[in-house]
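Participant: Read off the chains here:
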Amino acid sequence: MYKYDQYDQAIVDARVDEFRDQVKRRLAGEITEDQFKPLRLMNGLYLQLHAYMLRVAIPYGTLDGRQMRMLGHIARTYDRGYGHFTTRQNLQYNWIKLEDTPDILADLATVEMHAIQTSGNCIRNISSDQYAGAAADEVADPRPWAELIRQWSTFHPEFSYLPRKFKFAVIASDEDRAAMRLHDIGIQLVKRDGVLGAKIFVGGGMGRTPMIGPEIKEFVTADDLMSYLEACLRVYNRYGRRDNMYKARIKILVHEIGADDYRRQVEEEFAQVKLLGIDPPAAELARITAMFAEPSYEIDAVDDIDRGDPDFAVWVDQNVVAHKQPGYAIVNISLKPVGGIPGDASADQIDLMADLAEKYSFDELRVTHAQNIVLPHVRKADLYTLWQTLDNAGLASANLDLISDIIACPGLDYCSLANARSIPVAQKIATRFASLDRQRDLGELKLKISGCINACGHHHAGHIGILGVDRKGVENYQLLLGGSGAEDVSLGKITGPGFSEDGIVDAIERVTDRYVSLREDGERFLDTYRRVGMEPFKEAIYG
Amino acid sequence: MVEAISFRNDAASAEPAITLDAFVAEQANATAVRLEPGDDARALIPYLDRVSLVEVGFPSFRDGRGYSAARILREAGYAGELRAAGDVLVDQLPFMRRCGFDTFAPDAPIDAEVLSRSLDRYDVHYQRAADETVPVWKLRHG
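One line per chain: the protein sequences are E and H, in this order. This note's numbering puts the first residue of the first sequence at 1, with every later residue one more than the last. This note's numbering puts the first residue of the second sequence at 544, with every later residue one more than the last.
Source of the hints: derived by calculation from the structure; they are not laboratory data. Keep in mind that the hints are not guaranteed to be accurate.
Below, a sample of chain E positions facing chain H; criterion: calculated Cβ distance under 8 Å [stated by the list, open to error]:
1) Gln9
2) Glu18
3) His73
4) Trp152
5) Lys191
6) Asp193
7) Gly194
8) Arg238
9) Ala271
Straight-line distance between alpha carbons at most 27 Å, and here's what the computed BS3-like set of lysine-lysine pairs gives [claimed, not checked]:
10) H:Lys681 / E:Lys493
11) E:Lys324 / E:Lys3
12) H:Lys681 / E:Lys247
13) E:Lys217 / E:Lys191
14) E:Lys247 / E:Lys493
One side of the interface only, derived from the structure: several residues of chain E facing chain H at Cβ under 7 Å [what the hints assert, rightly or not]:
15) Leu39
16) Thr154
17) Pro157
18) Pro281
19) Ala283
20) Ala286
Owing to the predicted nature of the structure, the values given are computational and were not obtained by experimental measurement. The beta-carbon is built from N, C-alpha and C at its ideal position, and this holds for glycine as well.
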């Protein structure tokens, strides 16, 4: 894991001091809310329907037990005893007082954490593959590159007032577990002639105009990465639209001028920027990479799992994933109990997961974009004990990637932008499909719910997506089919007229029933949909 | 009239700045140019040797195009006065300084004490920009 040195710590400490000063000036009325807004936003502080919401950065979703425990401490001390893990691998608190935020940031800084650039029109927290460093299919651990980008983008003086927010994802395998091509810039690390480099996609995104990012550059080495990204951002900062906030994301620029013209402009800019000497030396990437060295695995760890307990066996089959090291496994802790709020964890659960990481996973945890937690390096011999502990804490739902493993935005229960509630819909769907046998029979089925067109709940990328809208003052839910945020990336299509809160649950059941009657051997829902198209499902839904 | 802020040793230019279009088209004797957010700073590069003031307009603090304009001019070797004018707020000055601005004509007064705290707050920066700051990676590796 990355560890701060005196420079990283000095920057985060200065940020606490700066925000304390800004909050003091705001509370004293020296700056207006309009002037304060971009300052607090660049520090992850939103004003929501009922209170301030603070979003804490978890760079590339990786954290250790000490950091996790601090998140629990903050939930208990300053909030209502819980936190919400987000689709960008961050954590947010929903009930924060403005005057407490400097102290919260000071607490976070003691464990090398912060809320820098978790919102605002700047480069946001860099997301990555939750299985980084543990997956057998990666060409390298993507996180050192993500950390390099984190440092370059932190308080970037030129790119702190961009036309709109800017999100990066960095992965290093062909299987895309981070929705990479639905980011403003998606990076896939690849090897060419034995050299590691970045394949760069620009202009993906969800929101009201979803787009899959086109490839802009086939291969950029680490030596040129910062210059290349600086060129990508400069073209956007200069020419991205600022006349309409709904058309201000880079995807609109790339779409309007075309990928080829955007690429040409970036190349021209790169030719200038490369002369400035802004690229860190290879020694810097090497320094960071050394901190992501493999943990000291037991080389003779037992590779068998005793599947004697059937409930445990189901959990292993559903939530435990192959690790590259024999004798080890990747454990997914589902934060999607039936009837719960997707992504929420209580302070006690957060503490427990911190303990388990220290005890069983080389003191490492990951947050996934699907709002679950991963223990990346668990000895197979420890799985049963671990599962028992999780089960006692309500953290052993065996539903990873099943229909109840729902991504949902906070929706109208919290969010000032929302048109409809997301959480109750997620709860009703999970309850309707509560039978684990039924869920497992339906197989991989990624269901994603957004409470407004901004698509924080990734509804465009759901095998089944739900979009909440406001129709003449009544919440109405549109249904989408066929999206994917994975390597087979696609955007879902709307089935037709929307539904009421209960109607949408019925409609989904008609869709899954039709899938069961149509599927061929081994087909996931998404495969069947792609084979047969929308019509049979429309017929099932609308009759 | 709100007091201007200068980090230069010479006196701020008093010449009224003319538009980029006017400057490029015909005003061969002018030495002060004003760039609006939509102007292409690169169009000014061929003339930089006879420019002594570039004023970059910030009609709204949210519009960040001027930061890129400043860096482009500094990267092209421009050493004259580079002024940020308009909706320029104290919390933005550290970023603007790093992009190469050295004088400021804010619409609203800036508290000198807050500004001084703000400029002194960060001892180190991660990235190289248009100022003299040595980036953290250089401090780490020499």
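Participant: Can you give the numbers of the hints that this structure goes against, from lowest to highest?
Facilitator: Those not satisfied are hints 1, 3, 5, 6, 7, 9, 10, 12, 20.
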